[in-house]
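Residue numbers (the numbering used here), protein chains in the order written: chain A, 1 to 212; chain B, 1001 to 1257.
Don't take each hint at face value.
[To be verified] No farther apart than 25 Å at their CA atoms in a straight line, the calculated lysine-lysine pairs in the PhoX-like style are these:
1) Lys1022/B to Lys1215/B
2) Lys162/A to Lys3/A
3) Lys1215/B to Lys1242/B
4) Lys1009/B to Lys1029/B
5) Lys1072/B to Lys35/A
6) Lys35/A to Lys1074/B
7) Lys1074/B to Lys1120/B
8) Lys117/A to Lys1232/B
9) Lys1072/B to Lys1110/B
10) Lys1072/B to Lys117/A
11) Lys117/A to Lys1074/B
12) Lys1009/B to Lys117/A
13) Lys1126/B to Lys1074/B
14) Lys1126/B to Lys1113/B
15) Lys1022/B to Lys117/A
16) Lys1215/B to Lys1232/B
17) Lys1074/B to Lys1108/B
18) Lys1009/B to Lys1022/B
19) Lys1108/B to Lys1126/B
20) Lys1232/B to Lys1022/B
21) Lys1242/B to Lys1029/B
22) Lys1110/B to Lys117/A
23) Lys1110/B to Lys1009/B
24) Lys117/A to Lys35/A
[Unchecked claim] Negatives, chain B to chain A, calculated, CB over 10 Å:
25) Gly1016
26) Gly1041
27) Asn1052
28) Asn1089
29) Gln1116
30) Arg1153
31) Asn1190
32) Glu1205
[Claimed, not checked] Selected chain A positions facing chain B (Cβ under 7 Å, derived; list incomplete):
33) Gly34
34) Gly50
35) Thr51
36) Pro52
37) Ala107
38) Lys117
39) Leu128
40) Ile202
For the record, the hints were derived by calculation from the structure and aren't laboratory data. By construction, the Cβ of each residue, glycine as well, lies at the ideal position given by its N, Cα and C atoms.
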Amino acid sequence: MLKGTILTLELTAVGIGMGLILGLAAALARVYGGKWARWISIGYIELFRGTPILVQLFLVYYGLPGIGITLDRLTSAFLALGLNSGAYQAEYLRGAFLAVGEEQMMAGRAVGMSRWKTIRYVILPQALRLAIPSWANEPVALLKSTAVAFLIAVPDLMTKAKAIAVQTYDPIGAYLAAAVLYLVMVFLLDQFLKWVERTTRIPGLEIEGKKA
Amino acid sequence: MAAPILELKNVTKIYGSNVIFKNISFSVKEGDAIVIIGPSGTGKSTLLRCINLLTPLTSGEVYLDGHEVNVKGKNEDEVRQHIGMVFQNFLLFNHLTALDNVVLGLTKVKGMKQEQAIEKGRHELKRVGLADRAEHYPGQLSGGQQQRVAIARALAMDPRVMLFDEPTSALDPELIGEVLSVMESLARENMTMLVVTHEMGFAREVADRIIFMEKGSIVEEGSPDQLFRHAKSERTREFLGKIGDLYGKKEGAKKKK
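With the hints as constraints, model all of the structure from the sequences given.
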């Protein structure tokens, strides 16, 4: 069960990491991009937020071979979780970009910085900080969603729990143990995210603050 | 006679069918402090933003040091480096300390080395009397202090001209004085300035020339003495009379302190 727990954490970490990159790109494209970038971003976000993660996982694992892309179980799980999480993270980040506002962009441009430099050095550092409190829901949600990997037989915590339940004829004990392990992981993750939020906090920079 | 630093020729801004200002022409010579006054909504702030290319002009020409700036293909970021801008609501970078607010443009735009930029940043903060607030974040500073940091941020770029867009309008009355006195000392150092303000005391004492704008046009311009005592236009006299009543008390109170 320990191995399964570690794999569940791996699935979460890779999903969040891949999702952060995708989500950041999608949010930037949607808020600051041109017409095409915006439409592609909206399409991606709506597609992956509007369909069940299980369908996405099956499409990647069973569907992609149909167009000649065959991925192993673990890669499929990483990809599906990353794509799914990216869509949610894009929405959290988009909200934060909008909260930072056009005025900060104007201030950056007035100093002589280009649009991109202003995004990089002024908007992004503020948006990421503003995003943390709401964004912090996503790693927790994704951690629990990783259990769908069971359905393509990735040996995660859920898969291991099922195996043990079958071996020991003790489903209550096995699944309770799994539940406790998920609970502990969520708790620790929560504490970690709160710590990140505290250490990156800047006086006067918060969404409900007197910023404007 | 030296060429003007800033020259506007027939600049016009129209939003849809809404004329913001029309056929505005004037020039600013090196060391001039020019104050634009006029009722709210007459396009004064938009005019400043157009000069700084933050808003596109509908027509007309703007020259900085004899070079036309609002032409296609011109590097806007390069132009803005030479024009300092101070906004009504400060617009400091909220995630950076006072010092880093000043330093960011130096390192990212001018390509200055970090140590050098910090040294210059500290110097500029000292200039606005905030050397001891360098490590404070905007959220920890009063409005007046934030605005002075914003002035230091603009000054650090060594601009040819400084634009002030109602720099004291968002401030509590007791904080206005500290910002105005920084601006006065800049004018004494012969910084070229174009100031939109309702502070008539400042206009009277500091301006080399006052431009009175209303409904998108220049009604009258001249020295403070001309406008305050011998205004040609009835409208100018009326406006100055009204605003004098409104702000006179406040300024009187300030001087007693």
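To see whether the hints hold, each was checked on the structure:
1. Lys1022/B to Lys1215/B: 9 Å, holds
2. Lys162/A to Lys3/A: 14 Å, holds
3. Lys1215/B to Lys1242/B: Distance ~17 Å between Lys1215/B and Lys1242/B Cα, so the pair holds.
4. Lys1009/B to Lys1029/B: 15 Å, holds
5. Lys1072/B to Lys35/A: At roughly 22 Å apart (the allowed maximum being 25 Å), Lys35/A and Lys1072/B satisfy the hint.
6. Lys35/A to Lys1074/B: 24 Å, holds
7. Lys1074/B to Lys1120/B: 29 Å, violated
8. Lys117/A to Lys1232/B: Roughly 49 Å separates the two Cα atoms, so the pair is violated.
9. Lys1072/B to Lys1110/B: Holds, at roughly 23 Å.
10. Lys1072/B to Lys117/A: 21 Å, holds
11. Lys117/A to Lys1074/B: 18 Å, holds
12. Lys1009/B to Lys117/A: Between Lys1009/B and Lys117/A the Cα gap is close to 32 Å, so the pair fails against 25 Å, i.e. violated.
13. Lys1126/B to Lys1074/B: Roughly 34 Å separates the two Cα atoms, so the pair is violated.
14. Lys1126/B to Lys1113/B: With Cα atoms ~20 Å apart, Lys1126/B and Lys1113/B stay inside 25 Å; holds.
15. Lys1022/B to Lys117/A: Violated: Lys1022/B and Lys117/A sit about 34 Å apart, past 25 Å.
16. Lys1215/B to Lys1232/B: 18 Å, holds
17. Lys1074/B to Lys1108/B: Satisfied, since the Cα-Cα distance of roughly 20 Å is no more than 25 Å.
18. Lys1009/B to Lys1022/B: 10 Å, holds
19. Lys1108/B to Lys1126/B: Since the Cα atoms of Lys1108/B and Lys1126/B sit roughly 22 Å apart, the hinted pair holds (cutoff 25 Å).
20. Lys1232/B to Lys1022/B: Answer holds: Lys1232/B to Lys1022/B is near 21 Å, not above 25 Å.
21. Lys1242/B to Lys1029/B: Violated, because 30 Å separates the two Cα atoms, which is more than 25 Å.
22. Lys1110/B to Lys117/A: Roughly 13 Å separates the two Cα atoms, so the pair holds.
23. Lys1110/B to Lys1009/B: Not OK: Lys1110/B and Lys1009/B at ~30 Å, beyond 25 Å, violated.
24. Lys117/A to Lys35/A: Cα-Cα ~21 Å, so holds.
25. Gly1016: It holds; Gly1016/B is separated from chain A by about 20 Å at its closest Cβ, greater than 10 Å.
26. Gly1041: 20 Å, holds
27. Asn1052: 6 Å, violated
28. Asn1089: Check fails; 7 Å does not lie beyond 10 Å.
29. Gln1116: Holds, since 17 Å exceeds 10 Å.
30. Arg1153: The claim is violated: Arg1153/B sits with its nearest Cβ about 7 Å from chain A, within 10 Å.
31. Asn1190: Holds, because the least Cβ-Cβ distance between Asn1190/B and chain A comes to about 22 Å, which exceeds 10 Å.
32. Glu1205: Label holds. Min Cβ-Cβ 27 Å, cutoff 10 Å.
33. Gly34: 18 Å, violated
34. Gly50: 34 Å, violated
35. Thr51: 36 Å, violated
36. Pro52: 38 Å, violated
37. Ala107: 4 Å, holds
38. Lys117: 6 Å, holds
39. Leu128: 9 Å, violated
40. Ile202: 5 Å, holds
Violated hints for the displayed structure, listed by number in ascending order: 7, 8, 12, 13, 15, 21, 23, 27, 28, 30, 33, 34, 35, 36, 39.
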